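Participant: Protein sequence lines correspond, in order, to chains U and R.
Numbering-wise (our numbering), the first sequence opens with residue 1 and increments by one.
Numbering-wise (our numbering), the second sequence opens with residue 1001 and increments by one.
It should be emphasised that the hints constitute simulated quantities derived from the structure, not laboratory data.
Treat the hints loosely; a few may be bogus.
As the list claims (entries may be wrong) - Short derived list, chain U residues pointing at chain R, Cβ under 10 Å:
hint, residue
1, L8
2, T115
3, G122
4, F123
5, I131
6, A135
7, G139
8, I239
9, D273
10, G274
11, C277
To be verified - For lysine-lysine, the following DSS-like pairs were computed, each having C-alpha atoms within a straight-line distance of at most 25 Å:
hint, chain 1, residue 1, chain 2, residue 2
12, R, K1182, R, K1016
13, U, K198, U, K50
14, U, K134, R, K1182
15, U, K134, U, K9
16, U, K134, R, K1023
17, U, K198, U, K256
These numbers were taken from a predicted model, which means no experiment stands behind them.
Backbone N, C-alpha and C define an ideal beta-carbon position, used for all residues, glycine too.
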Amino acid sequence: MKASTDELKRIAKEIGCGVVASTTAAGSGHPSGSLSLKELLAVLLFRVMKHKPSDPTWDGRDRLVLSKGHAAPALYSALSVAGYIKRDELYRLRRADGRLQGHPDWDPGIMVEATTGALGNGFSIAVGMAIALKADGGGQRIFAILGDGEVQEGIVWEAAMLAAHRRLDNLIAIVDRNGLQLDGPVEEIVSVEPLSRKWEAFGWHVVEADGTSVESLLKAFRDVLRVKGRPKVIIAHTIKGNSSGIMRWNAQYHGKVLTRDQCIEYLRENGCDGWECR
Amino acid sequence: MGMQVVKEATRESYGKALVEAGKDKRVFVVDADLSTSTKTELFASAYPERFINVGVAEQNLFGVAAGLAYTGKIAFASTFAVFAPKAWDVLRIIAHDRLSVRVAVSHGGLSNGPDGWSHQSVEDVALFRALPNFRVVVPADSVETRAVVMRALEEPGPFYIRLSKYEVPQVLNPGYEFVPGKGAVIRDGSDVAVLATGVMVHRALEAAEAMKDISVAVVDMASVKPLDRGLVLALAERAGALVVAEEGSVIGGLGGAVAELLAGERPTPVEFVGINDRFGKSGRPDELYEIYGLTPRAVEDAVRRAVKRK
């Protein structure tokens, strides 16, 4: 899919609409850490990645692993906009009568490539996928999305070390540097800085981007996809809860959703036509 | 002047079987800097392009194995039994998604004697039994180890295969085929049946041969999970008393599985030979087996206790 820059912005907005509508309907979830991903997912699914909504298990597809699994609402919403998931299903998020789990469950039929949620594991799994796909020689790439709090997990660095050692240039990580983790600002809980230099020291090619800007993300992907012989990481500087006045940079909203009234307000402010608050 | 008995540790049998299994190009082997101990080095030499050493990083060991399995490979991931639970978080995903990862661990039980308790595993079988979807297998000898590895090529989903550093004689016939959920009666007997796994199978056989006054059946229950329910119930009915013998904690392992089944279906006296809720320590394996009560003599004592309870 090759959406224009303007279309990508509209798609990012739609992803945000789905995040808020689905989490408010569920009554729980992680909307703010999902909203910080909406531009990234738009750019990945509608410009960068090779995939076929008509054939979710197409062998030639690039793989997307949402290692920060709590942002599942963003993934589901993006997959819905891309045509993998019916919008109705988003309203059954986290419900016993729906299939969309609170954190992603492996589901090849809707292109959820791995089970994630317990942090760090998805990235290690992505490294295993990169090894397998490189061995097969089909040219597929693996995109793994991590949270900035998530990189406090030890397994992330075990996996980063191996990826560089094996020169997995088919692996692209994106760190959603939204600055907040569950208990507060990442830099106050346990600092992850200097983040770029950490990845560089582990042998990765690092590019920083404004993760709220599709233009900046597109440029970052153009840069990293040219690099051979090393795994690549984009540090995407974002804002947790972006596009919501209430949730924006508010750690209290890590695991808290908007009320129905607040949801209505969000949909109105963001021009979410066709979405509703249940 | 007796016949020379060829002994082999199941880790060695595993390494050899992997080379045979490697003809299947789906097979990848992952190790965490223990390949000379787990014997995956044999596969590494034969198929270097499908061998991944992740270094000293057990979480990543199983994460990478999961990634391989999501991509259609059959991943054998090896370390010491005691280190696998370090990656529990990832192992739960492997279990949940029924990934074709074979957690094939060496140095089970006390077989890593002198290294001490930090390198010995007593609780691992109980832990893996509690993970939904995992098949938990403790092979008794070289024939069974090979059979398990070969079977694991045909059966999707996760396996826990617990191997040992301790050299054991062959107890199964060369044509033996392993089937998950099936036990193998190795010696017939009518008074008591001993259900055993791993190194305890040949010790149970030794004990059974030595007891002239009691007719003892010996069953290899390599498949701890799924348990051969039909066989356990039939043996309970026929013998009226059972002994479980395993080189691991008496809590939650094969003994736990048998007790859970019998409590629900056919209450029967059971005696347990195993490690009595404590850790190992340094020592030669044979010394430790004496200290921890994992000997033919311990099996015999348990058989006699079981008979009295009938």
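Participant: The structure should be examined with respect to each hint, and the outcome stated for every one.
Facilitator: Here is how each hint holds up against the structure:
no., hint, in the structure
1, L8, "28 Å, violated"
2, T115, "5 Å, holds"
3, G122, "8 Å, holds"
4, F123, "8 Å, holds"
5, I131, "6 Å, holds"
6, A135, "7 Å, holds"
7, G139, "14 Å, violated"
8, I239, "29 Å, violated"
9, D273, "37 Å, violated"
10, G274, "34 Å, violated"
11, C277, "32 Å, violated"
12, K1182/R to K1016/R, "24 Å, holds"
13, K198/U to K50/U, "30 Å, violated"
14, K134/U to K1182/R, "39 Å, violated"
15, K134/U to K9/U, "33 Å, violated"
16, K134/U to K1023/R, "20 Å, holds"
17, K198/U to K256/U, "31 Å, violated"
The structure is inconsistent with the numbered hints 1, 7, 8, 9, 10, 11, 13, 14, 15, 17, although it conforms to all the rest.
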